[in-house]
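Colleague: Residue numbers (our numbering), protein chains in the order written: chain R, 248 to 613; chain H, 248 to 613; chain S, 248 to 613; chain V, 248 to 613.
Hints are not guaranteed to be accurate.
What the hints assert, rightly or not - One-sided excerpt, in silico: chain V residues whose CB lies under 8 Å from chain S: (1) M248; (2) S282; (3) K335; (4) D475; (5) G496; (6) A500; (7) G514; (8) D516; (9) N561; (10) G562.
To be verified - Listed next, the in silico DSBU-like pairs over lysine-lysine satisfying Cα-Cα at most 35 Å (straight line): (11) H/K422 <-> R/K344; (12) R/K560 <-> V/K610; (13) S/K610 <-> S/K296; (14) S/K610 <-> V/K609; (15) V/K522 <-> S/K560; (16) R/K610 <-> S/K268; (17) S/K610 <-> R/K390; (18) H/K322 <-> V/K522; (19) S/K322 <-> H/K307; (20) H/K522 <-> V/K390; (21) H/K390 <-> V/K609; (22) S/K344 <-> H/K322; (23) R/K268 <-> V/K609; (24) R/K522 <-> S/K322; (25) H/K610 <-> V/K322; (26) S/K448 <-> S/K560; (27) S/K390 <-> H/K335; (28) R/K307 <-> V/K610; (29) V/K609 <-> S/K560; (30) V/K268 <-> R/K560; (31) S/K446 <-> V/K609; (32) S/K344 <-> H/K335; (33) S/K268 <-> H/K393; (34) V/K322 <-> R/K335; (35) V/K390 <-> S/K268; (36) S/K560 <-> R/K609; (37) S/K393 <-> H/K268; (38) S/K344 <-> R/K609; (39) V/K522 <-> R/K296; (40) R/K322 <-> S/K522.
Since the hints were made in silico from the structure, they are not lab data. Don't be surprised by glycine CBs; every beta carbon is placed ideally from N, CA and C.
Number of protein chains: 4
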Amino acid sequence: MAGSTYGNIFKITTWGESHGKALGVVVDGCPAGLSLTEEDVQAYLNRRKPGASRFATPRKEDDAVEILSGVFEGKTTGTPISMMVRNKDHHSADYSKIASYYRPGHADYTFDEKYGFRDYRGGGRSSGRETIGRVAGGAIAAKILKELGITISTYVTSIGPISIAQNRFDLNEAKNNELNMPDKVAAQEAAAYLESLIKEKNSAGGTVECMVQGLPTGLGDPVFEKLDAGLAKAIFSIGAVKGFEIGDGFAAAHATGADNNDAFGIGADGNVIKKTNHSGGTLGGISDGSPLILRAAFKPTPSIASPQETVNKNGEEITIEIAGRHDPLIAARGVVVVEAMTALTLVDALFANASARMDTLKKIYE
Amino acid sequence: MAGSTYGNIFKITTWGESHGKALGVVVDGCPAGLSLTEEDVQAYLNRRKPGASRFATPRKEDDAVEILSGVFEGKTTGTPISMMVRNKDHHSADYSKIASYYRPGHADYTFDEKYGFRDYRGGGRSSGRETIGRVAGGAIAAKILKELGITISTYVTSIGPISIAQNRFDLNEAKNNELNMPDKVAAQEAAAYLESLIKEKNSAGGTVECMVQGLPTGLGDPVFEKLDAGLAKAIFSIGAVKGFEIGDGFAAAHATGADNNDAFGIGADGNVIKKTNHSGGTLGGISDGSPLILRAAFKPTPSIASPQETVNKNGEEITIEIAGRHDPLIAARGVVVVEAMTALTLVDALFANASARMDTLKKIYE
Amino acid sequence: MAGSTYGNIFKITTWGESHGKALGVVVDGCPAGLSLTEEDVQAYLNRRKPGASRFATPRKEDDAVEILSGVFEGKTTGTPISMMVRNKDHHSADYSKIASYYRPGHADYTFDEKYGFRDYRGGGRSSGRETIGRVAGGAIAAKILKELGITISTYVTSIGPISIAQNRFDLNEAKNNELNMPDKVAAQEAAAYLESLIKEKNSAGGTVECMVQGLPTGLGDPVFEKLDAGLAKAIFSIGAVKGFEIGDGFAAAHATGADNNDAFGIGADGNVIKKTNHSGGTLGGISDGSPLILRAAFKPTPSIASPQETVNKNGEEITIEIAGRHDPLIAARGVVVVEAMTALTLVDALFANASARMDTLKKIYE
Amino acid sequence: MAGSTYGNIFKITTWGESHGKALGVVVDGCPAGLSLTEEDVQAYLNRRKPGASRFATPRKEDDAVEILSGVFEGKTTGTPISMMVRNKDHHSADYSKIASYYRPGHADYTFDEKYGFRDYRGGGRSSGRETIGRVAGGAIAAKILKELGITISTYVTSIGPISIAQNRFDLNEAKNNELNMPDKVAAQEAAAYLESLIKEKNSAGGTVECMVQGLPTGLGDPVFEKLDAGLAKAIFSIGAVKGFEIGDGFAAAHATGADNNDAFGIGADGNVIKKTNHSGGTLGGISDGSPLILRAAFKPTPSIASPQETVNKNGEEITIEIAGRHDPLIAARGVVVVEAMTALTLVDALFANASARMDTLKKIYE
């Protein structure tokens, strides 16, 4: 089935393989009149680029984006925006080995089972490079949100056993360190931890948190199109994500109602506020005016250089060592992908909500 | 936006409010030739019925389902199956109070913000009774799965601070106790814990796990329609769910690659197997032949009888006590809902996968 | 596949068979705050009711609609509106014969081929009674349009060889005669023609035209979601429709550009107008401010009482005579169905268009 | 709204403007294991290429397609196939004039009304070049159909007042003449007619017919996803199409039931056949085993060089003459577009039908 399109009204369709000619995205349903340049998109892509950190794969890629359609005289026209990134560093490796066996923790086996064969070069479509399209599309979504006064912050909250401390939480710090942690001390500890794992030819998992401020109340629809359900799918569609929660998440399962309920009150400006935010910004699947807080669990990078047991396509049990240096951590490079998927989901919810009330429709059409 | 339809090829559309005339579902895209009776569906509905346990609301409802279309001479015809449950016990309460204020932890406030007003009787569309449609639809999905050799088991793994012990895990036990826990000891402890909470006019959260066996490899599509992404949305669309994970889930974020990767091997029957199942049955978003394991975190019931701070529609801060007896726990009654949503998602994935390969298509059409 | 849901943002899901327990529809995505009563819907259903005319089947059905959800205190709440009509007159006939053979011009054969068997009672799901759900849903769509200043007129323009004359065109007349023709003379001629066909146990085709006034410019999207493409599908999904055109339609294929182009000019109010309307109200798939004009060709009723050649399920060639009296004409009862499908499509296009421009979004959210 | 994606399971997403950098398509949901080369696609694109005929615009474009993803070692992998055609001849014209006024019969005015402004170069997204993506996608769909034994023939049946004669119908002839007419005499008359129109700076409409052979019975779903409804939308989404019919189409509206019903009989091979094909290959919206016959009415090219009245953006009435030479006829170049849209729709229907019966599902999964 067609699984490469995301969104109902604001849609992206991504394409491309790790070692194919190019990767890209078509963004459809973007409203006309948004100022947009390649620089807007490139800024996002640079945040996920390989080679930017000690803790990311040293693959050399410019990941320079080209906008091919949908923008005229600096503004979006309402027609689909096609964007493309050419692959450059894709002839270096020898993939004859990888073709013959199934890497643990990767999709090699399941692709073969599903499709009968696979593009084995660098993971093909199931490579992390697949996220280029998401991030390019998300950059546009984020720009729409910004125009409407909505901002997103995304950062790493834990790496392996090291978590940030709430009393050291500093959003600016998340931009200063290469691990995107909003806690300088934790970032230093995590860096040391990762260095030790690299020596052991091992890798680490981590958690990423995303906070959205300025979101209007009323986004999301009851039942199947709850805002949190949409976000759950969006975030879980990112490779390596194994858990998702909103607000207190799993901790709420261990709490009591008296502790977990957020009391309502009247804020300084006379508006209704929640005095706490255990809910993470949604009630009944609809945004409640508090900051939206979501969290994703990323598994450790499955590509590790230490020996692993597996089987080959002849049905023989073998031991392999995956050559080359890989990211010892997915979570840090996942930050911008989580942000992109969140932005895409919120824009779609904003558009869907435009027809929720007769009085809004009359405002538009009368 | 229309948020009451779930699924791409196998679709359900649910409708109805807690205190309206009836609730129901239209199941569309059900293949022709499935034996189906009202009893098949009723068996599922009985698992979510109120009044069946000390720990569930004593509201009296038969929840007797009527199949109105789509079945002829005992078999599905391929046309939409409409099912309906009439509400009976819905005139008793006085809802004038609830109309005037916002219950903490409920969707009262967000519905008002989104739609301008709300059906305040018993929570309207955001009531737990909304799940009747899901469960009735899920009963049909589960029957399709069963015909294809796929079975689902769902149970409660923790209530408040009490978790099941893996060494006492017993699936049959989950059917014996009213808390659906596969561990007799834990169930007894949890029951005592809930009794104490009831006395305190408080409520508990809990976690629900679902295990699917017999699933073919190859279900789910790369990128946005990953099987786990679909399940994440399905489960997160259930009211009160605040967290979702698959396999090791959040624990994977604290593990290393060497620990988290599942080695492949050759099983007794000569087929490829995974020696462990940290992944929870999917790799790259595609089912990998191991049991599918997912987990949902349910928040505590927000309706508690102890005093709570909130605001009314006049913008005044008030203190309320929610009258009546409510479920002290959502998780146990959520078990069948989790199972239903899982079944619906799997059936859709099975159908989507039918066109993944040219050789399958040739088998169908030549 | 699920084929019983129509619409992208404003959706209807219909269900029910000719001789099942009931037929109905779930309308999802209806904005909150629309005044709605059962009478609003009943008025539309009465226009398609059997037994209302000499030229319609004498089957006795009240077709009394019940609204089961989605309306509270006289207004839509934004949640799904479920509506149902119980079948009454459905035990009279003996369907053992019809079960054994394939009626020419009906879907008996194709249902059997597709699904392996069929609900043969009165055509099952492929009966004209299937349109009850569409018409009930369309009544709500039409009410939304009316609130936004948009009106729809639908009428029969030809029956067999008899067409209305443009110089006698009178919209009011279409409501006066039982054939819904906006031309008294043509209606009388057509009635005489139908009387003669009834005597011959034969039936007639006809064409239906729909005109929409007050439609804003800008509805419809370029490429695949052109307004006319959406209408084409909507109208062609009605059983018995074999042709669809917009504006000059097939006549445009015989015209030259100089004749077919509509010149633009400045109207009395200073706005841009089209001086003619060969286009029928759309340019490039987007509404152009002129009245929308569409036309549907209905084939003759396939159920005729004269002898016909066919085959039975044993593979034998036989001659049949279809018992009972049937509509000698589908077109007249198709009028309200065409109107319903047009209304549904327009409402969906209105909602989709809400996010076409950044400045509209800012008006909604800022 | 996102209007650039077509299809439910087999989907294409097209992008690009007449004078942008490139145009393209992403084909998603293509089954794995289909042999595919750029030549397969180029052969289709060459059929719509400008400059290939006296009667087509002399714009110079190679329209050379590049496959960017989704194909590995000569076969489709199941992942999205991205294809692109770079624009070359797009800097020649001066579009300052066209920017200031609204061309009659074009989408200039409606784009401005919908989006606030437009990419006025060569019609932007509403140019005929938009069909490049459809045709490239359709080439893949046609290849899938061919593998399943289904063939499509498409040809011009009338140009202005000249229609083909059924007794001279010759499918091979349609490939020999530049007007794609299956009647040598009619093609010569039409050519003469077009020459005279070119001298008059005028243009002609035409009709295109498409015939599909080898289609299995059972495609299409009752109610809204009727095969003919899907085709109606597909064909009507092509710019310049103003009418669509299937089988006898509008002629059926003037026929009687006795004439229009197709009698069933037993064919030479013992299978059920229809003795005539007034229905055009569908009954109840489901393919009936007879050849599928559909017809599209194309309006005359709106770009004509003779003087036309219109208005400019300052609200002044002006007279314009559209410079340059344009196609005097859209229908002939529309042939391959009709074929592409038909192929895309049929592939999607084939995939949707895979889950219509439990026994088919058991064949796939057991």
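Colleague: Look at each hint and say if it fits the structure.
Modeller: Here's how the hints hold up against the structure:
Nearest Cβ of chain S to the Cβ of V/M248: about 4 Å, under the 8 Å cut. The hint holds. For V/S282, the interface hint is violated, since its Cβ never comes within 8 Å of a Cβ in chain S; the closest pair sits about 27 Å apart. Nearest Cβ of chain S to the Cβ of V/K335: about 22 Å, over the 8 Å cut. The hint is violated. A least Cβ separation of about 5 Å between V/D475 and chain S falls short of the 8 Å threshold, and the interface hint therefore holds.
A least Cβ separation of about 4 Å between V/G496 and chain S falls short of the 8 Å threshold, and the interface hint therefore holds. A distance limit of 8 Å between C-beta atoms decides the matter here; for V/A500 the minimum to chain S is near 4 Å, and the interface restraint holds. Taking 8 Å as the C-beta contact cut-off toward chain S, the hint placing V/G514 at the interface is violated, the least distance being around 10 Å. Taking 8 Å as the C-beta cut-off, the interface hint given for V/D516 is violated, the closest approach to chain S being about 11 Å.
A least Cβ separation of about 10 Å between V/N561 and chain S goes past the 8 Å threshold, and the interface hint is therefore violated. For the restraint placing V/G562 at the interface with chain S, the shortest Cβ-Cβ distance is roughly 6 Å, inside the 8 Å limit, so the hint holds. The straight-line distance between the Cα atoms of H/K422 and R/K344 is roughly 49 Å, outside the 35 Å bound, and the hint therefore fails. Restraint check for R/K560 and V/K610: satisfied, since their Cα atoms lie roughly 26 Å apart, inside the 35 Å limit.
For the hint pairing S/K610 with S/K296, the CA-to-CA distance comes to about 43 Å; that exceeds 35 Å, so the pair is violated. For a cut-off of 35 Å, the pair hint linking S/K610 to V/K609 is broken: about 53 Å separates their Cα positions. With a C-alpha separation of about 17 Å, the suggested pairing of V/K522 with S/K560 holds against the 35 Å cut-off. Note on R/K610 and S/K268: the hinted pairing is violated, with a Cα-Cα distance of about 42 Å set against a maximum of 35 Å.
Simply put, S/K610 and R/K390 have alpha-carbon atoms about 17 Å apart, close enough for the 35 Å limit, and the pair holds. A threshold of 35 Å between alpha carbons decides the hint, and for H/K322 with V/K522 the separation of about 32 Å falls inside it, so the pair holds. Only pairs whose Cα atoms come within 35 Å are accepted, and S/K322 paired with H/K307 is accepted, the gap being roughly 28 Å. Our distance criterion of 35 Å between C-alpha atoms is broken by H/K522 and V/K390, whose separation comes to about 41 Å.
Between H/K390 and V/K609 the alpha-carbon distance is near 13 Å, which keeps this suggested pair within the 35 Å criterion. A C-alpha spacing of about 21 Å is found between S/K344 and H/K322, which places the hinted pair at or below 35 Å, so the restraint holds. Restraint check for R/K268 and V/K609: the C-alpha separation of about 39 Å exceeds 35 Å, so the hint is violated. The hinted pair formed by R/K522 and S/K322 meets the criterion: a straight-line CA distance of about 32 Å does not exceed 35 Å.
A threshold of 35 Å between alpha carbons decides the hint, and for H/K610 with V/K322 the separation of about 19 Å falls inside it, so the pair holds. Between S/K448 and S/K560, the direct Cα distance comes to roughly 25 Å. Compliance with the 35 Å bound is thereby established for this hinted pair. Of the supplied pair hints, the one linking S/K390 and H/K335 holds, its CA atoms being roughly 31 Å apart against a limit of 35 Å. A distance of roughly 47 Å separates the Cα atoms of R/K307 and V/K610; the hinted pair therefore is violated under the 35 Å criterion.
Under the criterion of a C-alpha separation no larger than 35 Å, the hint pairing V/K609 with S/K560 is consistent with the structure, at around 25 Å. Restraint check for V/K268 and R/K560: the C-alpha separation of about 44 Å exceeds 35 Å, so the hint is violated. Of the pairs offered as hints, the one joining S/K446 and V/K609 is violated, with about 51 Å between alpha carbons and a cut-off of 35 Å exceeded. With a C-alpha separation of about 42 Å, the suggested pairing of S/K344 with H/K335 is violated against the 35 Å cut-off.
Pair hint S/K268 plus H/K393 holds up; C-alpha atoms about 28 Å apart against a cutoff of 35 Å. With a C-alpha separation of about 23 Å, the suggested pairing of V/K322 with R/K335 holds against the 35 Å cut-off. Distance check on the hinted pair: V/K390 and S/K268 sit about 45 Å apart at the alpha-carbon level, beyond 35 Å; violated. About 56 Å separates the Cα atoms of S/K560 and R/K609, which puts this hinted pair outside 35 Å; it is violated.
This hinted pair checks out: S/K393 and H/K268 have alpha carbons roughly 28 Å apart, not beyond 35 Å. With a C-alpha separation of about 55 Å, the suggested pairing of S/K344 with R/K609 is violated against the 35 Å cut-off. Proposed proximity of V/K522 and R/K296 is contradicted: the alpha carbons are some 65 Å apart, above 35 Å. Straight-line distance between C-alpha atoms of R/K322 and S/K522 comes to about 32 Å, which keeps the hinted pair within the 35 Å bound.
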